[in-house]
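Chains as they are written, first to last, in the numbering used here: chain A, 1 to 172; chain B, 1 to 503.
Hints in this document: simulated from the structure, not taken from any laboratory.
Keep in mind the model is a prediction, meaning the values are calculated, not measured.
A hint or two may mislead.
[Unchecked claim] Residues from chain A that face chain B, not an exhaustive set, calculated with beta carbons under 8 Å:
#1 Cys90
#2 Leu91
#3 Thr95
#4 Ile96
#5 Arg103
#6 Lys116
#7 Pro139
Here a beta-carbon is modelled for each residue, glycine too, at the ideal position from N, C-alpha and C.
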Amino acid sequence: MAVTVRPVTRPARGLWEQVYLIEVLRGLGVTFRHFFVNLWRHVLALLGRRAAAGAVTIQYPEQPAVLGRRARTRHRLLRRPDGAPRCTACLLCETICPAKCIRITAEESPDPMVEKRARSFDIDVGMCVFCGHCVEACPVDAIHMDSSQVELASYTRAGMIWNMESLMREKR
Amino acid sequence: MAKTIRFTLDGRTVEAREGETVLEAAQRCGLRIPHYCWHQALGNPGNCRMCNVEVEGAAKPMVSCRLQPKEGMVVRSAAPAARRWQRAALEFHLVDHPLDCPVCDQSGECGLQDYYMDIGRYPSSLRDDKWHMGKRMPIGPHIMLDQERCIMCTRCTRFVSTVSQSHELGIFGRGHSQVVDVVPGRSLDNPYSGCLADICPVGALTDRDFRFQVRVWYLDEAESVCPGCSRLCSIWAHTSTRRPWHNQGRRLARLKPRLDPEVNGPWICDEGRYGFAGFDSDRLGRVLRLGRDAAELPWDAACDEIAVAWHRVVRHKKPEGLAVVASGALSNQDWAGFRSLFVDGLRLSRFLFAPEPDQVGAEDGLLRRRDKVPNLAGGRAFGFGAEIQSLTWQTLAEQIEQGEVWGLYVVDRDPLKVWGEKGRALLERLDLLVYQGPRKGLTGELARFRLPATAWLEEDGEFTDFQGRVRGYRRALEPLGQARPDWEIFAAIEAAFHGGGGL
């Protein structure tokens, strides 16, 4: 991609802005307004005059965040009752994936009741856009995005790739 | 002048030739009527009932594959009544179909899927369990049978009885339990068995070679011709480059016949179809000088060095001592450059373009030819095999032994494979050995200069078949690394000789 230059004009600062103390006090005013409004909401909720309490700061990461029930988190591959992966390697998730982050190779299954299975199933969560199309496309309900795991950072790009074994585990 | 019959099909006037059915006339005019059992080369048993059409004045549905048009007949294939009949036939076909599209290799090019999306789209009214029959039965070296997916169109049994005439397949049982199977004690191993995967409109007969390699919607296709023998059948080259991890990393996924009534009809043989499994193995992509001072060279430097090496030898040896071994896989364009460089330019006289001993194989009355090299006929047009006769492998070996031949320019051939271990000593006697080709082979290791050429799928070109037809093929894949078409290499070397003032 070619590099393009776009000139940006800076807004002119008047005398009022240049006297910083006044602007600093204005900023403190905003902070205090939020503090007292929030405090007032907590008090009203305590007195039973208000249904919802005010905002609460969560001490993440010491205190885990509560996710919505339908939040799309790291993928999970489901197993059949006998423990084998449910995935039949139909490649519909790989086909629909807009980020092209799924890589599957297929092979013949040794199980006489199953014809095709995945030899490898890799998801690059660094490329994933968490759209959930793979879950929608799966005809055998083999992939879910309900592991509740959102901490997927890694020190390497290779560490962002989850394979079939790790995708079937609850935690990495 | 054959008589033509004019009739109306879906509001369009269609001219049918004498003896043609409504379906055939429609196909020829590009109008599509759904069908499974009809095939242009296998007749019209009329058993799938998918091609039901409405004929004005007729009380009942008519199957268009058996309907002879009459002058002024009005036929409707897309009218609500015709669509209802076709949909009913499709629903019957799907009653016992397992719907295992996710694991079926046919999905994406399946007649059931196509017609369901075009004219089906009905909610299933099936309440009973489906019948279960044999699945994934390897009935031959190339074909996998799935009896559940079969819709009993009988195209396969008609193929083995009329085209391959090997009679391995039959229909057994009746009603729900009717199945296609191999005749007991037989295996589906006729030399055209791969065609069964092409003609099967559903996933009942699939290709074992292609099985689970890549989904068909990832394939790209290019018009090509099969270089497996001098018949030069028209083919589609299906390549898989969009997702390199599929198809085990190989770029060529499969070859499919391309309908060509003049040459191969709708068929190709198994030798041609499965003969290119190693297309991507042992390939050359770098221009190399080998030996003590081995190095990777740019093209112009390599051509200059070859010209210099030639001049150094011909100072004290006869120029005719350079023999050229060429393959019949050169295109017409390559033969032109070949002639220009070696015959008209260097005035050489020792050529070997006879097939390698293992390039002569089986022949039959349908497609296969004895000579398994594609373009010796093209070489003949440039004089090779006519006024310029080929040496034999034996005489060339003797001439190297006696020192008459001091150099060898090998184009996509493997003398070491033909001569065996004694060939190594012969090739080491040479003052100059240049190897040019898409694949390294055994000889490529011993060469002083190793030049990478493109394979037939990586270039545009033309072959000439044994009947003299010039058959074009299109580039389907990118060349590897520095590889160039053979004619470009010949031209570059010729230019190097001119630049050196040698000629």
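* **Proposed interface contact between Arg103/A and chain B, which counts if any beta carbon pair is under 8 Å** => holds (5 Å)
* Holds or violated: is there a CB of chain B closer than 8 Å to the CB of Ile96/A? -> With a closest approach of 11 Å, the Ile96/A hint is violated.
* Asked: With 8 Å as the cut and Cβ atoms as the points, is Pro139/A at the interface with chain B?
  -> holds (5 Å)
* Going by Cβ atoms only, is Thr95/A closer than 8 Å to chain B? -> holds (7 Å)
* To do: Have a go at the Lys116/A hint: is there a Cβ in chain B nearer than 8 Å to its own Cβ?
  => With a closest approach of 4 Å, the Lys116/A hint holds.
* Cut-off 8 Å, beta-carbon criterion: hint that Cys90/A touches chain B -> Holds. Min distance 3 Å.
* Asked: When the nearest CB of chain B is found for Leu91/A, is that gap smaller than 8 Å?
  -> Hint holds; Leu91/A Cβ to chain B Cβ min 5 Å, cut 8 Å.
Hint 4 from the list above is the single one not met by this structure.
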